[in-house]
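There are 2 protein chains.
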Amino acid sequence: MSERIWTAALVVIGDEILSGRTQDKNVAQLASWLNVQGIRLAEVRIVADVEDAIVEAVNTLRARNDYLFTTGGIGPTHDDITVDAIAAALSIGVEVHPDARAILERYYETRGGLTEARLRMARVPSGATLIENRVSGAPGIRIGNIFVMAGVPHITAGMLDALTGTLEGGRPVRSATLGCWVAESEVADTLRSVEKDHRGDGGEVSIGSYPFFRDGRTGANFVVRSPDPERLEACVADLATRLADLGYPTTRDGI
Amino acid sequence: MSERIWTAALVVIGDEILSGRTQDKNVAQLASWLNVQGIRLAEVRIVADVEDAIVEAVNTLRARNDYLFTTGGIGPTHDDITVDAIAAALSIGVEVHPDARAILERYYETRGGLTEARLRMARVPSGATLIENRVSGAPGIRIGNIFVMAGVPHITAGMLDALTGTLEGGRPVRSATLGCWVAESEVADTLRSVEKDHRGDGGEVSIGSYPFFRDGRTGANFVVRSPDPERLEACVADLATRLADLGYPTTRDGI
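Protein chains in written order, with this note's numbering: chain A, 6 to 260; chain B, 6 to 260.
Next up, chain A with everything else stripped away, as it sits in the complex (with noise of 0.2 Å):
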């Protein structure tokens, strides 16, 4: 039984991550979380502060995924430009969102008031609905299947552990480790063979080899990934019975 494969993409909006002045952290958070809600990242794409950049990226992501995310520029200065961005993709006005004025006005009331920059970021694609911000001020934005996060990797967090457990999804993909003391390039053939025996008519397994060098010694790590346990455990026993006989033991949980 071949079953509805949830998906999203991800558009990482900022120069600072293309400059390589900042460590992206996002890719890997968003990717976790929507693990467990079911739901697959398909593809990501990092573009600049620059809005026919985010524009292409946002138009062409949401048509062919479930949803689409995006983390970065939503802040109060001039390089934020992904609400006005968002609007133009999707070819709607902006306005300031009373719920998200009100927010940022008791934010604000200890930290020098509502400044008219301040205010931008009350500012959603018409429509729009808000993602509770649990750590800051400004919120996240909702519209359509479009979500607007933040940059700053635990503002993000929050706004996910916000949406945790409303989007639709299918079932978690899990995923089971097998460590080895081995050269990937000596067991290439079992690994390309058990997948083929396991992986169905809809790719539900799939097999991923991560070779290291650590203290001196060659192994890898063997992720298999499945949304059915059933399977996902069937193709780990038989992979680890194969690597055995072919004299490499495996360590659960890898290495």
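By construction, these hints were calculated from the structure, which means they are not laboratory data. A portion of the hints provided could be inaccurate.
What the hints assert, rightly or not - In silico EDC-like links for lysine to aspartate or glutamate, alpha-carbon gap of 20 Å or less:
1) 201(A) - 8(A)
2) 201(A) - 89(B)
3) 201(A) - 56(B)
4) 30(B) - 121(B)
5) 201(B) - 56(A)
6) 30(A) - 8(A)
7) 201(A) - 166(A)
8) 201(B) - 235(B)
9) 30(A) - 166(A)
10) 201(A) - 121(B)
11) 201(B) - 166(A)
12) 201(B) - 121(A)
On a predicted model such as this, the values are computed, not experimentally measured, just so you know.
With chain A fixed as given, assemble chain B onto it according to the hints.
Coordinates of chain B only, in the frame set by chain A:
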């Protein structure tokens, strides 16, 4: 005077990045290396180990950038499909490169010999040349404006090292940072205005604002970027003066 801007794009190939298992480090590493070569990293796509996805990303990005880099998927196992995908993107065949074969034969001479699986790492799109791998056996690949690199960051670092100084670029983008204990929203107008005064016709100067919260205090680093050292310094000096006039002294090199 507006000068030619050289751009590159990166396609990160790997289910392990999209699943959240592995934190990518190649985006930041390549971005920093490109800066020194005078080439701007203009866009990044992270795609799954799926040929169609790789082909689409490679063909779109190689056409509109001076250089295209890929990372990942050049190992010996079944999930390493980058070479075939690049060949498909270019509508050319795949061949075993004699020099790559010789390198692998030497490398594996004392490591169990060159098996069929290992020989996969000598396969290149027809007509490609090799990029030296100073860390492990399998070389990177250059074909046209495409540079095919390893996924493991320290191996990629060695390949970049081998390419240093060989790619034509423009002037390196320089940056300078002013750190300030201020909420960025307090000075958003000043940032916008200073950038406008200095950016020039070709956008030669940009200012990024990166807020942080540390030791119970709010601050921000303002990063000024330009390939023109004189413009850069003029902008930094002006920004420092105007922030100081507002009562916000800044620290060179950031906080």
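Exercise. Run the structure past the numbered hints and jot down the numbers of the failing ones, going up.
Key: 4, 6, 7, 11
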